[in-house]
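Go ahead and model the full structure; you've got the sequences and the hints to work with.
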Amino acid sequence: MGNKITDWMSRSIFMTEQERLTALVYGDTFSLYDEKTFDEFVEPLYVRLKANGISSHVFKGKRCLDAGCGGGRGSILMAQCGAREVIGVDLSATNIESCRKRAVQKGFQNLGFQQDSLMELPFVDESFDVVWCNGVLHHLTDPDQGLKEITRVLKTGGHLWLYVYGSGGIYWYTVDCIRAALRGVDLRECIIQLRLMDTPVRRIAEWIDDWFVPYLRRYTGTDTTNRLVELGYEDAEPLRLGVGYDTSQRRVGACPEELAFMGEGDLRFFCRKARAPCGSRYALPDPPGGKGSPYVDGPPVAQFGAPLGRIAVGLARLQSKHEIAAYKIIVCRSVHNKVRSLLEAKAPFDAQALQEHLGVVGNLLEEFGVTGSSSVRLADI
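As numbered in my numbering, residues 125 to 505 make up the sequence shown, in order.
Simulated from the structure, these hints should not be mistaken for lab results. Please note: incorrect hints may appear among the correct ones.
Unchecked claim - Now the in silico label distances, taken between C-beta atoms and shown as ranges:
| no. | residue 1 | residue 2 | range |
| --- | --- | --- | --- |
| 1 | 171 | 413 | 31 to 39 Å |
| 2 | 418 | 465 | 24 to 32 Å |
| 3 | 477 | 181 | 37 to 45 Å |
| 4 | 308 | 396 | 43 to 51 Å |
| 5 | 221 | 479 | 15 to 23 Å |
| 6 | 472 | 411 | 31 to 39 Å |
| 7 | 472 | 251 | 27 to 35 Å |
To be verified - Listed next, the in silico DSS-like pairs over lysine-lysine satisfying Cα-Cα at most 25 Å (straight line):
| no. | residue 1 | residue 2 |
| --- | --- | --- |
| 8 | 462 | 415 |
| 9 | 225 | 160 |
| 10 | 186 | 174 |
| 11 | 225 | 174 |
| 12 | 160 | 174 |
| 13 | 160 | 272 |
| 14 | 186 | 225 |
From the three backbone atoms N, C-alpha and C, an ideal C-beta is built for every residue, glycine too.
Below is the structure:
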């Protein structure tokens with residue numbers, strides 16, 4: 125059974141429990157951004173456009189859809205680039221309220237926001253010149269249906285900005301371990317504890333997303349490109365450049381081991397709808413387990429299974445309910461922050477530094493007498 129919600133347009137929306145949790149995750153985190161941190165959140169989008177030779181004029185005078193608008197940074201970007209009209213759609217009522225306030229704050233009167241689902245958009249065919257869908261499809265109950273819907277409402281000749289997570293690599297390998305370790309921890313308690321630890325808002329939003337959202341699929345570039353081409357898009361190859369910490373950017377000119385740590389890289393596309401869709405042979409993969417494209421990480425990444433497993437075993441053996449929540453959040457924050465900081469460094473990924481950090485964390489837990497054998501892997505618990 126889903127929860128029925130009626131928005132300001134009196135359109136009934138039914139959400140599954142997974143969709144309700146997704147809306148909660150993003151509503152609670154995006155609402156933390158003040159004007160300064162929000163502007164900092166928008167800036168990387170401009171960097172990615174410029175790095176890949178995409179002119180901001182592509183939005184000028186256009187009717188644009190922000191499909192899964194979240195906190196509204198795509199909407200604000202398109203408005204700042206001269207869009208004639210921007211409509212943002214999101215499942216979260218909290219996000220819609222935040223976006224409306226932000227539009228007023230920024231002085232834009234050509235932005236509209238409504239609570240709705242990407243699975244069944246309330247717009248006629250070919251009604252938008254540009255569709256912006258940034259980090260959304262992989263969280264849907266049916267990503268391929270969402271992709272078909274945003275394609276349906278995009279005009280032939282119009283442009284799609286699409287970002288989906290790429291398969292594999294040390295980042296997602298670590299995130300999967302953290303998600304397993306945090307099962308049973310309350311979302312809002314986690315946000316409060318992260319704030320008490322003076323965690324930057326950007327980090328809180330990123331980590332709560334990765335740790336708690338129900339669906340966290342990742343795709344290969346081949347699977348995504350094949351589907352986009354089948355749906356009528358041209359120029360459907362992943363963009364290579366971005367900000368320094370983008371795994372797609374880090375892949376450029378990287379050695380083989382560095383490539384292994386980056387996996388498929390971030391998959392961002394800016395493609396043009398050239399013709400009508402022509403079938404579903406290459407529908408986005410969605411096997412049981414909710415991880416998207418089949419992918420197996422090689423030894424450079426898999427070597428971290430043992431130290432991460434050691435930490436997970438230690439956390440699993442905590443007894444007190446209070447300790448379970450507190451220590452799990454502290455430890456997962458420490459591990460995630462280390463991986464992210466190594467990815468943001470300009471130097472090649474430092475696997476030894478990560479091994480040392482995980483060793484320190486494991487040893488600290490051992491001082492409490494809670495860790496098991498270092499040979500135990502996460503999959504064993």
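> What are the numbers of the hints that this structure violates, sorted from low to high?
Replying inline: Violated hints (numbers, rising): 5, 7, 11 and 13; every other hint is consistent with the structure.
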